[in-house]
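Colleague: Below are the chains, spelled out letter by letter.
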Amino acid sequence: MEICLKALLYGALLKRNEGFDMAEVFLKLENIKKSFGGVKALKGVNLEVRKGEVLCLAGENGCGKSTLIKVISGAHDADSGEYILDGNKVDKLKPIDAIRAGIQVIYQDFAVFPNLTVAENIAMNNSLMTGAKVMNWKRARELAIEAMKQVGANMDPDVLVERLTVANKQMVAICRAIINDAKFLILDEPTTALTKKEVENLFQIIRRLKEKGIAIMIVNHKLDEIYEIADKLTIIRNGEYVSSGDISEYDRARFIRDLTGHDIVETTYHPEKVSQDEVLKVENLSRKGAFENVSFTINKGDVLGVTGLLGSGRSEIGDAIFGIAPAETGRIVLNGNEVKIKGIEDAVSNRIAYVPEDRLTQGLFLERSIRDNMVAASIGKYFKKGKLDHKQIADDTQMWIDKVAVVTANDLVPIRTLSGGNAQKVVIAKWLNTDPQLIVLNGPTVGVDIGSKSEIFEILHELAKEGVGVIVISDDLSELVQNCNKIIVMRNGQAVAHLDQADELVNENELYGMFSEEGGEQ
Amino acid sequence: MKSIKWKEVLTSNQMFIIYIIAILSLAIGMKNSAFFDFSTVITLSRALLVTLCFAICEMVVIISGGIDVSFPAVACAALYIPVKVMTDAEIDNVFLAFLFAAVIGLVVGIVNAILISILKIPPLIATLGVSSMTSGALLTFFGTREISRIPESVSALSKVFILNYTNASGATYSLTVFILVPIILCIAVHLILRYTMLGRGIFAIGGDQNAARIAGFNVIRLQFIVYIFSGVMAGIAGMIYCILCDSANPLNLMGSEMMIIAAVVVGGTRITGGHGSVSGTILGVILIALIQNNLIMLGVPTYWQTFVVGAVIVIGTSITSLKAKAVEQNQKV
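Protein sequences appear in the order of chains A and B.
Following this note's numbering, the numbering of the first sequence begins with 344 at its first residue and continues without gaps.
Following this note's numbering, the numbering of the second sequence begins with 1459 at its first residue and continues without gaps.
Heads up, some of the hints might be wrong.
Straight-line alpha carbon distances no greater than 27 Å define the calculated DSSO-like cross-link-like pairs of lysine-lysine that follow [claimed, not checked]:
hint : chain 1 : residue 1 : chain 2 : residue 2
1    : A       : K383      : A       : K371
2    : A       : K539      : A       : K555
3    : B       : K1783     : A       : K631
4    : B       : K1578     : A       : K437
Think of the hints as simulated: they come from the structure by calculation, not from any bench.
These numbers were taken from a predicted model, which means no experiment stands behind them.
Construct all of the structure, not just a fragment, from the sequences and the given hints.
Modeller: Here's what the structure looks like:
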């Protein structure tokens, strides 16, 4: 009887998985080591991924995730360790061998061709794989349509990729990967540039591919997303293998502990004592087509979060306060004085600081040193008798490096070499060095790992305590809920909700529901 | 759907050039009815024949994400050195003349390719340096004196015509056989760019070199092909120019690079790479040739023509640039 039941169950399982064996391991890495010069990037990493399974590779910035992907895809050779592909030990793997074996990597920038059509982009790899000499447009189109059908994407195959949204560019990359009979799909931080809705769509596609028996590895460090999509989890830290297992074995606390090496307490932020000292008062701020009649106050100790969908007016408020696109009507009162912000100069002279959304292009000089960047916004105060006080610059830079905990060999390395979290700390320190009365941060933790994230917010809380007004603009709801005591939700240019943690703890899903009138649907 | 497509066609870059060419032709024709004669086609063909060869090569280079400003120097070397050597040695052979010219182009093309694809020097700087070296070496070692007597059999080619036309007033216009060169070149380049993986590879590296490398294109090989093609064709076009002029001048073509690049860019090729078409380039070359050769019929002083060429370049490229910006800002799909 028992055997019979087992057989039945097993049969049902097989049926559900359409003939492939769930337990079949596609790729197994054991004790992989890799050094560059003297730097040990991977110090013995294990990894195992099975067909029809979503493995999430988690680790902070600079932990060796990219190196590991390159080892898997054949771009780097491991110094030592075992690489077992489909049950066979592989000694040396060239990129083309990896592709032939069905390993496909979707890079963060997708590596698509903006100047070519959707169809050609999707079919390109196939043409290259088969060594075709002639471009067959009709076949390319057919392949593209077939691939889009498989993943459930719907795009005009004749449109140029440069006209696509980020999410659709990613679709193109996924379609391109799967037409080559992909068996193992690696997605490197696939959700960084996507909206919540687009992430959901992506996850649906990933589930669909999983059902087809494709092994999938996602590199990610957004906790909520990992819990939503992953079956298994492998965590690495500083090039070392930490742990792996079923996602169910990890609660948030263990996850964060394994990821960062220490406990991070996830709590909500409450200012130490409620103060009535008004730092910033904004009244009826409006700019046509952007936002209307937005009012709020920030008291000493408050960290204000502004959220909403892209285009809801959330970023525009930051732009208005910093004078990039000034408000047309309304009042801004900063520490008791009404200030007129007509341009960026007004904001700067009133000691308002702004950390832009796209720090790489707007906030930093990538090729210049940490030191140069650190004083870039406050260079005026180092001019003494017509000369720059280099000693003072060096001292201040060191002070900030220590204070915001930038991990670096010295302050002369170019920003380009820093990880996302470290670069963001430099941007924040650069503005703090201007001694601001108010600091506006737009998406301060995009591309920043979880350890640096909490450090950045600690800095912000400290600032708020000292009486600096802090405004955080973000669509990362869990982050806002944890770190802001006041939250404004924007929708179609209106502030549709003012929430205060002191009144009632704010719930993430509740917030998301306020994003649009239908409640969650765009 | 269909009406949208039509609108796109009518407002496309190429249509704008066609409008400008039409308006310009009408204006010239109203002032001077002789312009509407078939003879205009023959004189214009002759005028833009060499330019078109250069422009097509330049277009391929720009599509691949590079630029080549060395072709005038290559052409000068490729027309002057063979003629000089052959006259001095009293050799008279058409095939040898063209082979010699092509080899000179090949050598310079290889140097360009090495500098750009292997040493990763920015294409503008690399070809600028090579251009200067080529013309400097040419003028130092082979002299600056114009050779007015080129070898007989070579010179004889200038009198081979595929078409003769006598207009109402009895003047005869003849179309040189060399017009076939740009025609074949245009057809071949169009087919290669559109229907071979080689051509698509050139577009791919112009669109995103890194993506092309990841996809498995041999970027270095493609760059070699592009610069060698450009060099060889520049050499051959230089020899044709020499034959059409029936004299070898080592300086005549110098300085023509900007005009050619202008014609290419006006023709819708994006200077940043990845976009361009043969048909657009042909239109761009026609427009520039019209301005250079026929604006005088409108009574426009010579110096003003320079102004107008400049204005056309600025307006033409602005349209391309504005369109690119519109793409950027348009609703993404």
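Colleague: Could you run down the list of hints and mark each one as holding or not?
Modeller: For each hint, the structure was consulted:
no. : hint             : verdict
1   : A:K383 - A:K371  : holds, 21 Å
2   : A:K539 - A:K555  : holds, 25 Å
3   : B:K1783 - A:K631 : holds, 23 Å
4   : B:K1578 - A:K437 : holds, 24 Å
Going through the hint list in order, the structure satisfies each hint without exception.
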